Amino acid sequence: MTLRAPEQMTCREFVELVTEYLEGALSLEDRTRFEHHLVFCTWCVDYLQQMRETLRAAGRLRESDVPENAKEKLLRAFRQWKRGIP
Amino acid sequence: MVEQTALARTISDDERVLAALRVGDEQAFLVLVQRLHPSMLHVALAFVPSRAVAEEVVQEAWLGVLKGLAQFEGRSSLRRWIFGILSNCARTRGAREARSVPLSSLGAEDDSEPAVDPSRFRPPDHSHWPGHWSSPPTPWPEEQLLRREAVEAVERAIQDLPPGQRAVITLRDIQGCESAEVCDVLGISEGNQRVLLHRARSKVRAHLERRLQAEKPR
Amino acid sequence: MIAYKFLRVGAVGPFTGHRWSPGTWVDAADVHEGLGVHACRVSDLAFWIGEELWRVELQGHVWERATQIEAARGRLLDRVAGWDGKARTEFGLHCVFQARDIAAAALRGLGFADLADRLALPGTLPELAATVRSIEPPDGFAGEMFGYARDAAIAFSMTGNAAESSFIASVANAAARGDPSGFGEEKRRQSHWLAERLAAPEA
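These protein sequences, in sequence, are chains V, E and S. Going by the numbering used here, the first residue of the first sequence is number 18, and it counts up by one from there. Going by the numbering used here, the first residue of the second sequence is number 568, and it counts up by one from there. Going by the numbering used here, the first residue of the third sequence is number 20, and it counts up by one from there.
There is no bait here: all hints are sound.
With a straight-line cut-off of 30 Å between C-alpha atoms, the simulated BS3-like cross-links for lysine-lysine are: (1) V:99 with V:88; (2) V:88 with E:634; (3) E:634 with V:90; (4) V:99 with E:634.
One side of the interface only, derived from the structure: several residues of chain V facing chain S at Cβ under 7 Å: (5) 21; (6) 48; (7) 52; (8) 53.
None of these hints come from the bench; they were simulated from the model. Only a predicted model underlies this, so the values are computations on that prediction, with no experimental measurement involved. Ideal Cβ placement from N, Cα and C applies to all residues, glycine included.
Using the sequences and the hints given, assemble the complete structure.
Structure below.
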């Protein structure tokens with residue numbers, strides 16, 4: 018098919034351009050090709066959705082565990098700094 | 568009730584946190600640490616060769632934050648300011664460490680890394696639909712994604728990333744920084760940042776996919 | 020200027036997720052590099068097959084691009100009532116049989132008259148799907164052409180994805196012509212077929 022309609026995007030190319038698409042960094046031409054592909058390829062629609070879900074899942078890591086010894090060290094530093102507050 | 572924009576919310580959050588820190592509110596400090604510390608480690612590891620050194624760098628950065636709190640004018644967001652301090656500490660320390668890897672070369676990690684295993688597409692010489700999915704992705708059920716296991720899988724996947732990719736995805740997707748902020752903190756170009764982000768996200772997605780597949784009842 | 024726009028159910032933009040409100044003007048943030056309001060000329064319709072089809076009004080300068088037009092400002096006027104699930108299925112079927120006809124003609128030209136006849140016979144989708152499944156594909160280019168008919172029939176039977184059959188028929192045309200321009204040619208032909216069915220006038 019690449020031979021037949023070479024300007025049409027393949028799924029393999031699609032997955033390499035997903036990040037640029039989400040960043041709004043694709044040229045108008047590539048963005049159009051990308052969107053043409055999304056119109057009919059439900060698999061790539063799913064892939065794009067998975068990418069969105071992946072980065073959303075990463076956002077849920079914002080509050081994560083700090084090792085106790087690191088926390089204690091920082092708390093000590095904070096208390097020391099506090100003592101200097103007028 | 569007027570809806571605040573994300574920026575307005577950040578500014579008022581920052582003001583609240585700053586005010587609390589400046590009067591010595593330990594709880595506010597711990598909340599801030601909880602929010603930023605693990606990400607600061609990931610960023611430090613982009614500049615220095617070992618976890619032990621990275622932990623020292625992050626501790627040093629926090630000290631710098633406390634020292635600078637009184638003078639901080641709020642011209643940038645608190646987070647940006649803190650990562651800026653971290654970046655400086657990490658760079659300085661990285662320059663001193665004999666085996667540090669310059670960040671500019673981290674963009675070239677594994678140059679020919681495809682986002683998806685090529686065997687999942689029809690080969691270029693296939694008679695029909697070369698380059699199209701042969702093992703396509705299947706949609707992820709919402710409830711699976713919301714479970715703790717999914718978030719843990721993402722966390723593990725990020726921890727396993729090479730340092731440059733890990734730092735970028737941490738700042739962009741965990742912390743929600745804008746790309747300009749990330750380029751600033753890491754001292755890399757926009758293009759470089761995008762490549763690292765692409766590779767990071769692709770790997771994490773693949774890892775999450777494997778994890779979710781494994782969980783499905785047979 | 021009046022044009023057309025495919026949207027998702029609920030007048031939602033398929034790529035931006037923007038919720039359109041009929042009658043309300045939308046101003047594009049920036050009309051450079053594709054950030055304007057996008058719409059279809061009649062000849063573009065087959066590239067953008069979606070759930071809802073709307074007539075839109077565009078204002079200001081209109082940029083003509085290869086498969087869409089773009090304006091600084093636009094609003095939805097009304098839904099093209101004739102475009103519903105049933106119409107989409109009919110369009111999909113039309114494309115499946117178009118792929119079949121292209122394949123049959125190509126096979127005939129390649130000297131596979133019997134195969135071409137067998138392929139040309141079925142009048143319904145289930146019959147066509149059964150037929151293509153029962154045929155052992157020939158080698159080479161003939162096999163490729165047969166494959167377009169087979170893939171179109173089987174895929175549409177399984178998923179009813181009209182946009183996909185449109186795509187397959189267009190690739191088949193490019194293959195039959197031996198020229199990539201055959202893709203756009205078939206798309207435009209499909210667009211005009213569609214417009215006629217919907218009594219959708221040119222802008």
